[in-house]
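Participant: Each chain, letter by letter, is given below.
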Amino acid sequence: MSYQEMTIEEVQNEIIEEFSMLDDWMERYDHLIEEGKDLPPIDEKYKKNDYLIEGCQSRVWIYPEFIDGRIQFKADSDAIIVRGIIALLIKVLSGRTPDEIIESDLYFIDRVGLSQNLSPTRSNGLMAMLKQMKMYALAYKAKQKN
Amino acid sequence: MFDVIKIRSDFPVLATTVYDKPLVYFDNAATTQKPEEVINAIKQAYTTYYSNIHRGVHALSDISSEKYESAREKVRSFINAGSVEEIIFTAGTTASVNLVAFSFGERYVKSGDEILISGLEHHANIVPWQMMCQRKNAHLKVIPVNDDGTLRIEEIDGLITEKTKLVSITQVSNALGVIIPVKKIIDKAHEYDIPVLVDGAQGVQHGHVDIRELDCDFYAFSGHKIYGPTGIGVLYGKKKWLEEMPPYQGGGDMVERVSFEKTTYNKLPFKFEAGTTNFVGAIGIGKALDYIESVGMEDIIKHEKELTEYASTRMKEIRGIEIYGNTKEKISIMSFLIDKVHQYDAGMILDKMGIAVRTGSHCAQPVMARFGIDGTIRASMCFYNTREEIDVLIEGIEKVKRMML
Chain R
1 MSYQEMTIEE VQNEIIEEFS MLDDWMERYD HLIEEGKDLP PIDEKYKKND YLIEGCQSRV
61 WIYPEFIDGR IQFKADSDAI IVRGIIALLI KVLSGRTPDE IIESDLYFID RVGLSQNLSP
121 TRSNGLMAML KQMKMYALAY KAKQKN
Chain X
1 MFDVIKIRSD FPVLATTVYD KPLVYFDNAA TTQKPEEVIN AIKQAYTTYY SNIHRGVHAL
61 SDISSEKYES AREKVRSFIN AGSVEEIIFT AGTTASVNLV AFSFGERYVK SGDEILISGL
121 EHHANIVPWQ MMCQRKNAHL KVIPVNDDGT LRIEEIDGLI TEKTKLVSIT QVSNALGVII
181 PVKKIIDKAH EYDIPVLVDG AQGVQHGHVD IRELDCDFYA FSGHKIYGPT GIGVLYGKKK
241 WLEEMPPYQG GGDMVERVSF EKTTYNKLPF KFEAGTTNFV GAIGIGKALD YIESVGMEDI
301 IKHEKELTEY ASTRMKEIRG IEIYGNTKEK ISIMSFLIDK VHQYDAGMIL DKMGIAVRTG
361 SHCAQPVMAR FGIDGTIRAS MCFYNTREEI DVLIEGIEKV KRMML
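Protein sequence lines correspond, in order, to chains R and X.
Quick note: the first sequence, position 127, residue 127 per my numbering, numbers continuous.
Quick note: the second sequence, position 127, residue 127 per my numbering, numbers continuous.
Quick caveat, the hints were computed from the structure, so don't treat them as lab data.
Cβ coordinates follow ideal geometry from the N, Cα and C atoms, glycine included.
Some clues are possibly wrong.
Restricting the straight-line Cα-Cα distance to at most 16 Å, the calculated cross-link-like pairs of lysine to aspartate or glutamate (EDC-like) are [as the list claims (entries may be wrong)]:
#1 X:Lys401 with R:Glu27
#2 X:Lys399 with R:Glu27
#3 X:Lys340 with R:Asp23
#4 X:Lys267 with X:Glu256
#5 X:Lys188 with X:Glu154
#6 X:Lys352 with R:Asp30
#7 X:Lys401 with R:Asp30
#8 X:Lys352 with R:Asp24
#9 X:Lys352 with R:Asp78
#10 X:Lys399 with R:Glu14
#11 X:Lys399 with R:Asp24
#12 X:Lys21 with R:Asp24
#13 X:Lys401 with R:Glu34
#14 X:Lys352 with R:Asp23
Examples of chain R residues toward chain X, derived with CB under 10 Å [said to hold, decoys possible]:
#15 Ser20
#16 Met21
#17 Asp23
#18 Asp24
#19 Asp30
#20 Ser58
#21 Trp61
#22 Ile80
#23 Ile81
#24 Val82
#25 Asn146
Start from the sequences and build out the full structure, keeping to the hints where you can.
Facilitator: Here it is as structure tokens:
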């Protein structure tokens with residue numbers, strides 16, 4: 001079953017289960033690095049300032065496509081652990097409707113121990129990425145109404 | 001006798017663990033830890049004699065004022081300045097540079113004039129000048145940087161013109177650790193009668209500073225980078241400039257007499273200390289300087305030099321490490337990148353091993369741009385660090401490589 005056929009909750013629960021088998025931080029980072037390596041790189045043409053997320057120590061680009069009422073996110077970063085975090089966000093949020101994204105409660109971030117990365121003082125920008133993805137959802141929702 | 005184990009026991013934070021691992025604190029260029037003596041002095045100030053300075057007729061105010069002024073004298077003697085009138089307490093190096101950029105700019109800089117800085121400056125020694133240049137329609141010129149991180153000081157003659165009003169230069173590059181031959185630059189600028197500000201934020205804690213020998217016109221440094229508290233710093237300025245320059249901020253303590261028609265300003269150094277100053281911070285800085293003197297600057301220099309040499313040797317043994325700032329004349333900063341590894345990934349993994357380093361541009365983006373990189377990993381050591389901690393860092397780097405590649 002692809003992630004998009006699962007609910008947001010189901011994908012989150014699966015991620016939580018995967019992380020629950022990892023004993024320490026190094027294993028968690030190893031796992032994120034693997035996730036990061038598996039994330040397909042985006043086309044160079046999307047690596048431009050329009051898609052760059054501000055406020056990150058590494059560069060992060062998020063590019064949305066709106067297809068059949070659902071948002072497909074493509075994203076990349078020059079740091080591999082950050083790519084791993086993005087890969088998780090994409091698993092959970094890509095291929096969803098704007099409403100699903102706007103209303104989503106991403107409890108997995110806390111449960112897998114990444115919540116410290118959510119604080120605005122941490123500059124890897126998980127917070128900024130998530131905010132940007134929700135902003136795109138809001139924008140597409142507004143566009144749909146018009 | 002220099003005993004690093006004993007010294008470490010003076011710094012409570014160094015005994016802490018992070019993620020159940022002993023802390024390896026290699027972020028000393030960002031800020032240093034505090035010895036217990038400094039912490040106790042601050043506590044004592046708040047618990048036994050705290051009261052506002054220069055104002056009360058009462059006993060506690062007298063004690064506070066006296067302690068504050070003794071701290072000023074301590075700073076003066078530590079950097080061997082001529083007079084306490086030339087020692088102004090500020091919030092830190094950034095505040096000191098901003099003070100000079102404003103007040104010197106107001107008094108001496110006109111449209112078309114020039115300020116000369118270097119390509120190794122921290123943003124705090126770039127932006128205040130840019131702001132002043134914008135106000136005054138003046139121009140900022142920059143001494144270029146060589147590939148090894150040193151400055152092309154041979155180009156200074158060509159960069160100085162009759163429009164140059166001030167040279168502002170860092171003593172040590174915060175991003176690379178390279179020591180700048182500031183004495184040569186000061187002498188050169190003085191040949192043309194141009195005053196020089198030295199940003200000593202990364203210099204004062206790593207070597208002897210003798211203001212009268214340096215003969216710089218201004219010298220700025222921060223308390224928190226020299227084992228003192230945060231929010232306190234120093235501006236040394238030659239009396240002739242400080243007397244001519246207008247005040248930076250208005251308020252209490254900097255005035256002599258105020259009426260709605262005319263206000264006259266207090267004498268030096270109070271003219272530049274508006275409002276209730278951070279006098280407890282100043283007392284803390286005084287104690288930190290006492291502490292450094294008790295350890296001994298010679299021993300500090302020697303130990304830090306050994307650490308730097310050891311770290312350089314160990315790092316050069318690792319394949320794929322590029323060190324930025326490859327000169328003999330450097331302080332105990334290792335600024336480096338691991339081939340094909342983003343500095344941020346490395347920093348996150350080192351963090352989980354208990355190693356505190358800084359990653360990124362270190363508030364010196366033009367330095368990074370000079371080398372065509374986004375940032376580095378910066379391990380900045382000081383006299384309480386050990387060879388064993390460098391071994392932990394080397395293990396950490398090997399671990400990062402294994403995980404990433």
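Participant: A separate judgement is required for each hint: does it hold in the structure or not?
Facilitator: Hint by hint, here is what the structure shows:
no., hint, in the structure
1, X:Lys401 with R:Glu27, "holds, 15 Å"
2, X:Lys399 with R:Glu27, "holds, 12 Å"
3, X:Lys340 with R:Asp23, "violated, 27 Å"
4, X:Lys267 with X:Glu256, "holds, 8 Å"
5, X:Lys188 with X:Glu154, "holds, 10 Å"
6, X:Lys352 with R:Asp30, "holds, 12 Å"
7, X:Lys401 with R:Asp30, "holds, 12 Å"
8, X:Lys352 with R:Asp24, "holds, 10 Å"
9, X:Lys352 with R:Asp78, "violated, 20 Å"
10, X:Lys399 with R:Glu14, "violated, 28 Å"
11, X:Lys399 with R:Asp24, "holds, 15 Å"
12, X:Lys21 with R:Asp24, "holds, 13 Å"
13, X:Lys401 with R:Glu34, "holds, 14 Å"
14, X:Lys352 with R:Asp23, "holds, 13 Å"
15, Ser20, "violated, 18 Å"
16, Met21, "violated, 18 Å"
17, Asp23, "violated, 13 Å"
18, Asp24, "holds, 8 Å"
19, Asp30, "holds, 6 Å"
20, Ser58, "holds, 5 Å"
21, Trp61, "violated, 14 Å"
22, Ile80, "holds, 5 Å"
23, Ile81, "holds, 5 Å"
24, Val82, "holds, 7 Å"
25, Asn146, "violated, 39 Å"
The structure fails to meet hints 3, 9, 10, 15, 16, 17, 21 and 25 from the earlier list, while all remaining hints are met.
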